[in-house]
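Engineer: Chains as they are written, first to last, in our numbering: chain A, 11 to 358; chain B, 11 to 358; chain C, 11 to 358; chain D, 11 to 358.
Bear in mind the hints are in silico, worked out from the structure with no lab data behind them. Misleading hints may appear alongside valid ones.
Derived SDA-like pairs: lysine to any residue, alpha-carbon spacing no greater than 20 Å straight-line [what the hints assert, rightly or not]:
#1 D:K286 <-> A:R103
#2 B:K235 <-> B:S115
#3 A:K315 <-> D:V217
4 protein chains.
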Amino acid sequence: MLKVAILGGSGYTGCELLRLLLSHPNVKITAITSERLAGTLVTDNFLNIRNTGLKFEPMNLKKLVKKADLFFLCLPHKTSQKTVAFLHKAGKRVVDLSADFRLKSAAVYKKWYATPHNFPPLLKKAVYGLSEINREKIKNASILANPGCYPTSIILGLAPVIGKGFIDKDSIIADSKSGTSGAGRTPAQPFMFCEVNESVKAYGVTVHRHTPEIEQELSALSNKKLNVIFTPHLIPMDRGMLSTIYVKLKNKTALAPIQKLYREFYKDEPFVRVLKNGVLPTTKAVKGSNFCDISVFLDNRSSKKPTLIIISAIDNLLKGASGAAVQNMNIMYSFDETAGLMTLPPSP
Amino acid sequence: MLKVAILGGSGYTGCELLRLLLSHPNVKITAITSERLAGTLVTDNFLNIRNTGLKFEPMNLKKLVKKADLFFLCLPHKTSQKTVAFLHKAGKRVVDLSADFRLKSAAVYKKWYATPHNFPPLLKKAVYGLSEINREKIKNASILANPGCYPTSIILGLAPVIGKGFIDKDSIIADSKSGTSGAGRTPAQPFMFCEVNESVKAYGVTVHRHTPEIEQELSALSNKKLNVIFTPHLIPMDRGMLSTIYVKLKNKTALAPIQKLYREFYKDEPFVRVLKNGVLPTTKAVKGSNFCDISVFLDNRSSKKPTLIIISAIDNLLKGASGAAVQNMNIMYSFDETAGLMTLPPSP
Amino acid sequence: MLKVAILGGSGYTGCELLRLLLSHPNVKITAITSERLAGTLVTDNFLNIRNTGLKFEPMNLKKLVKKADLFFLCLPHKTSQKTVAFLHKAGKRVVDLSADFRLKSAAVYKKWYATPHNFPPLLKKAVYGLSEINREKIKNASILANPGCYPTSIILGLAPVIGKGFIDKDSIIADSKSGTSGAGRTPAQPFMFCEVNESVKAYGVTVHRHTPEIEQELSALSNKKLNVIFTPHLIPMDRGMLSTIYVKLKNKTALAPIQKLYREFYKDEPFVRVLKNGVLPTTKAVKGSNFCDISVFLDNRSSKKPTLIIISAIDNLLKGASGAAVQNMNIMYSFDETAGLMTLPPSP
Amino acid sequence: MLKVAILGGSGYTGCELLRLLLSHPNVKITAITSERLAGTLVTDNFLNIRNTGLKFEPMNLKKLVKKADLFFLCLPHKTSQKTVAFLHKAGKRVVDLSADFRLKSAAVYKKWYATPHNFPPLLKKAVYGLSEINREKIKNASILANPGCYPTSIILGLAPVIGKGFIDKDSIIADSKSGTSGAGRTPAQPFMFCEVNESVKAYGVTVHRHTPEIEQELSALSNKKLNVIFTPHLIPMDRGMLSTIYVKLKNKTALAPIQKLYREFYKDEPFVRVLKNGVLPTTKAVKGSNFCDISVFLDNRSSKKPTLIIISAIDNLLKGASGAAVQNMNIMYSFDETAGLMTLPPSP
């Protein structure tokens with residue numbers, strides 16, 4: 011049994027990670043930390059989790075480092091940097107759910123996160139953990155940068171076509187809609203019930219921090235430095251993320267061969283479902299699961315250049331965070347990639 | 011492997027039952043029926059269910075009877091009666107999720123369901139399947155009447171005290187709040203999104219069909235024919251049911267010994283959690299699980315007779331329907347009672 | 011034009027009060043305060059309010075006292091006490107939306123609010139502002155204690171029968187369900203979207219501060235010191251409050267004469283609607299209005315004593331707070347009692 | 011007083027229209043029709059509307075034609091065509107809220123609505139009633155085609171720049187998010203509470219009927235036949251519509267002059283609010299009002315061509331339907347354009 015620890019376990023992401031790991035056949039959770047909840051039973055804070063005797067403990071790294079072989083970090087950026095460096099030096103493997111090791115360039119990191127990156131050499135070592143794309147590299151990752159939720163939904167939506175010659179790589183627009191759990195559990199007025207409920211709004215327009223992450227990965231996949239227009243929206247629901255992605259094609263074409271490309275690309279993927287022609291993804295269909303549902307449409311009406319419309323749906327807390335982290339662990343340790351991730355979610 | 015069939019599988023209850031049974035270690039689903047969806051893949055209708063090749067088939071009883079040993083019925087009342095009788099005659103065991111075999115008296119059934127009961131002898135044979143109360147009888151049940159959601163939440167809330175001499179058995183008031191999935195999946199204006207959303211209302215006041223079921227079971231438990239005031243309410247959420255139950259005590263007393271009664275009563279029950287003193291049940295904490303969370307409070311201020319306030323929370327589709335059905339099956343076939351029911355639900 | 015000021019205007023109650031007063035034909039808003047928002051335009055904080063040039067100003071009482079003749083106070087308790095005393099001494103009339111002047115007894119206040127009341131003589135002067143009950147006293151009130159939302163819904167539900175000999179005054183149970191705006195606008199984890207959404211829970215069981223207020227008024231109306239069992243619940247919706255009230259009758263009786271009592275009692279009331287026999291109140295039907303919808307039911311089945319079930323629905327921010335405050339002002343200044351309160355609310 | 015009738019008044023649009031007209035200083039409602047509800051009081055069906063004695067009547071055109079001078083039609087397409095023709099022939103003015111007279115070309119109508127248009131000459135006479143754009147023509151309109159909700163939010167978002175040389179007219183993408191009331195009140199499974207709640211999805215991708223309407227009007231405004239990529243989404247909320255509109259600029263530019271263009275363009279408009287730099291529209295801020303809130307952003311990062319991002323928010327039932335209808339009536343009859351439309355909406 012692999013010994014794992016969750017550092018920073020009091021938020022929604024930590025809770026989902028805990029839930030998945032508790033049901034995982036190959037791991038044993040040896041520690042979960044929370045400064046605020048230290049000393050209390052996990053089950054008293056997360057009522058969906060049955061009592062296993064597990065308690066939150068404070069963040070004493072020297073003590074914690076001996077307890078596990080793999081560390082999941084659900085810490086705020088900056089704090090995460092230091093902790094990853096410490097654990098890495100101690101020879102431990104890390105799955106970092108923060109944004110601290112996702113960007114390859116320390117300069118880009120500094121620009122978007124308004125804080126310097128203190129471990130540029132580790133940035134190079136870190137592997138961007140989008141399982142479907144980087145599976146081989148993930149196997150040997152010592153620092154695994156778990157992808158952001160928006161990037162996951164957008165990159166998976168574009169991966170089958172982004173390297174193809176028939177698309178206009180400078181035309182990508184991603185309009186995303188997310189449930190409110192993505193904003194975390196810390197009290198703040200904009201995420202109070204009466205502020206979110208019965209409303210929809212965009213936020214972070216042109217400045218959201220997931221933008222450089224999306225651009226970095228799509229640029230790598232397409233061998234071309236590209237930019238993306240990305241607009242996230244806040245939706246009055248707990249969880250779920252839908253990305254509607256628009257990209258121009260260079261010439262008139264048919265939809266069927268593109269759909270075929272998608273089916274081929276994902277044919278062996280356990281968690282990506284390319285839906286039947288005309289079927290629309292809904293976040294409800296993937297709620298509680300590690301699935302990413304994708305459907306592609308083509309608008310041949312507008313002008314000479316048709317527009318490919320790709321719609322992808324994930325659960326922001328699972329395929330967009332904790333589910334992906336478990337999938338990455340499975341790859342890192344040669345477990346069955348779907349271990350702990352195939353329980354069927356309740357519906358509705 | 012036990013061969014099971016689900017008759018009437020296109021609604022929310024059927025879908026949840028299917029989900030649980032697919033993960034169950036001891037059963038094999040050999041058929042699921044739906045007239046409307048016959049011939050289509052289950053996964054195309056329930057996107058949370060992965061493709062297993064399973065298709066809906068029409069309701070051809072002669073054909074179906076050979077396919078399974080245990081039949082789960084999610085059929086409307088009246089239709090259910092006939093089907094149960096047919097299967098029973100063919101020597102099959104049945105878990106009936108309709109209301110057709112819950113009431114012992116054909117006269118009471120006729121009064122509340124406005125239709126005669128055509129199989130009174132089978133009513134006598136049927137076992138009321140509230141696992142925590144009737145476990146021994148359930149073991150040998152051939153016709154298992156799966157309890158209603160409201161009765162489950164109310165009877166479990168009262169069971170530890172209903173037979174005690176210190177309560178006033180004529181004073182029970184149950185005020186229940188239910189999510190909208192309880193109304194089923196058939197289109198109807200009162201359950202359209204814009205009618206339910208941002209609203210709360212009572213319904214079925216003094217006339218809800220679960221009333222005689224609650225009274226029958228509480229009367230049996232207390233050895234006294236009693237009546238209950240029961241008022242259900244519709245809440246703008248998908249699932250979850252909270253019952254706030256009020257009962258007068260004959261004399262001044264302390265809360266602690268009553269709480270102890272509850273803990274004793276449920277100490278070996280895998281699915282009933284008596285919460286710590288002062289902790290309030292929420293439907294969110296049991297959403298997606300087979301748990302029933304219970305907390306008891308005492309109002310000693312009002313007059314001479316104190317009021318015991320019992321609050322219970324369940325998931326109406328699980329402990330209130332499909333989860334209970336699986337629990338009952340586990341008892342009927344001597345499986346581990348928690349088999350297929352212990353996956354942790356996502357949160358939030 | 012009556013000059014009015016709103017002290018503490020940055021919350022939901024202040025915003026609704028402002029909205030109503032801006033449309034009122036007889037008043038002019040001369041000041042609205044908020045320490046946090048001081049100096050900013052009201053319209054920048056409340057986007058539903060068009061720009062009138064009005065700005066929030068800090069809470070400088072010496073300056074403010076000269077600006078208006080009537081002061082609406084939406085301040086936290088304790089702060090409100092002092093401010094009311096100051097304004098009263100300066101000869102101003104006050105409508106206090108806090109709880110500070112609702113209870114007649116300083117001792118009861120201290121017990122429930124865990125803080126002493128420093129102005130007991132003013133408690134005596136204060137008029138409890140439930141318009142339908144205290145209209146005559148309200149006319150000359152200098153300190154008007156605006157009722158709590160729960161007490162409003164419950165007292166209006168019981169007023170027509172509470173003084174009658176046929177009811178058992180010791181048997182009152184009120185089970186109330188409230189939208190989340192009642193919890194105010196200050197950030198707190200329990201009222202974050204993901205905590206409230208898709209859940210229902212009771213809170214303040216046996217200890218909610220509105221209990222003594224309900225008891226004081228019902229005792230006064232019935233000439234009998236009585237206690238009430240009161241349980242509030244939090245519902246995942248912005249606004250609306252439904253109270254389901256249970257009271258035993260001494261003898262078997264018919265519903266029709268009781269319904270007639272209700273119709274008689276409220277026949278001249280512009281804001282109380284006694285619904286037709288069998289029609290159920292919904293909070294959606296009163297959302298955005300100053301209405302209180304009431305319907306009565308009778309359960310004659312249970313035991314010898316029938317139970318009267320009264321269901322009342324209000325908008326917690328209007329008839330339960332700011333709408334009532336305007337109605338009280340209308341009475342205090344002999345304006346048309348419905349002035350500023352008859353705009354029809356949007357639906358759904 | 012202008013005598014007006016509402017034909018087809020049982021849906022959400024009809025109810026909102028009725029609400030606005032009842033408060034309007036210059037009109038008298040002489041009839042409202044509904045086959046299904048004929049003979050019943052309006053107030054019994056729309057509880058937010060106080061009793062005025064008004065009853066639904068059946069659709070007897072010969073009788074109705076004598077009752078009013080202006081007719082608002084909330085009828086399904088096809089039915090609307092015939093009724094408009096009848097009323098027009100009788101010399102009456104009509105505001106048609108259906109789509110039947112929005113498209114100038116009978117061929118385009120046939121293509122998108124899958125039914126022929128039987129009155130092409132009337133199509134020519136009809137005026138497209140987007141008040142801010144066609145005010146002069148609206149004054150004398152005999153047949154007023156009230157715009158669709160999506161077109162309103164998108165055309166108002168683009169109108170200030172669509173005719174300018176600096177934008178690439180072939181690059182328009184509109185990604186819209188709508189509350190569920192837009193789907194109407196007729197029961198249908200996709201709009202049941204449990205299907206819509208906790209989910210977001212796109213629908214009508216590449217084929218939504220509002221597409222030709224958007225294209226027709228933007229083409230007219232820009233003097234260029236253009237196509238638009240339009241994707242609507244369903245959001246779990248009652249009302250509100252947010253459109254996020256993307257358009258490429260031909261060259262690098264600054265945002266400030268574009269924002270100035272917007273402010274100039276709408277400076278005299280009572281219902282369009284161009285928000286301050288960086289402030290984001292939310293549907294909650296316009297809920298219950300006739301406002302359209304607009305904010306513009308510029309992404310200068312991506313490639314050589316910057317992308318202008320325009321976000322507009324309306325209430326789909328008001329500025330997107332019934333509010334616009336009243337605004338159009340005000341223009342047609344030289345009433346104050348804001349008459350009946352300036353009541354402040356409740357919040358939250």
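Engineer: Next, verify each hint and record whether it holds.
Structural biologist: Taking the hints in turn, this is what the structure says about them:
1. For the suggested pair K286 of chain D and R103 of chain A, the alpha carbons sit about 48 Å apart, so the restraint of at most 20 Å is broken.
2. Using a Cα cut-off of 20 Å, the hinted pair K235 of chain B and S115 of chain B holds, with the two alpha carbons roughly 14 Å apart.
3. Between the alpha carbons of K315 of chain A and V217 of chain D the distance comes to roughly 17 Å, so the proposed pair stays at or under 20 Å and holds.
Violation of the numbered hints given earlier is confined to hint 1; every other hint is satisfied by the structure.
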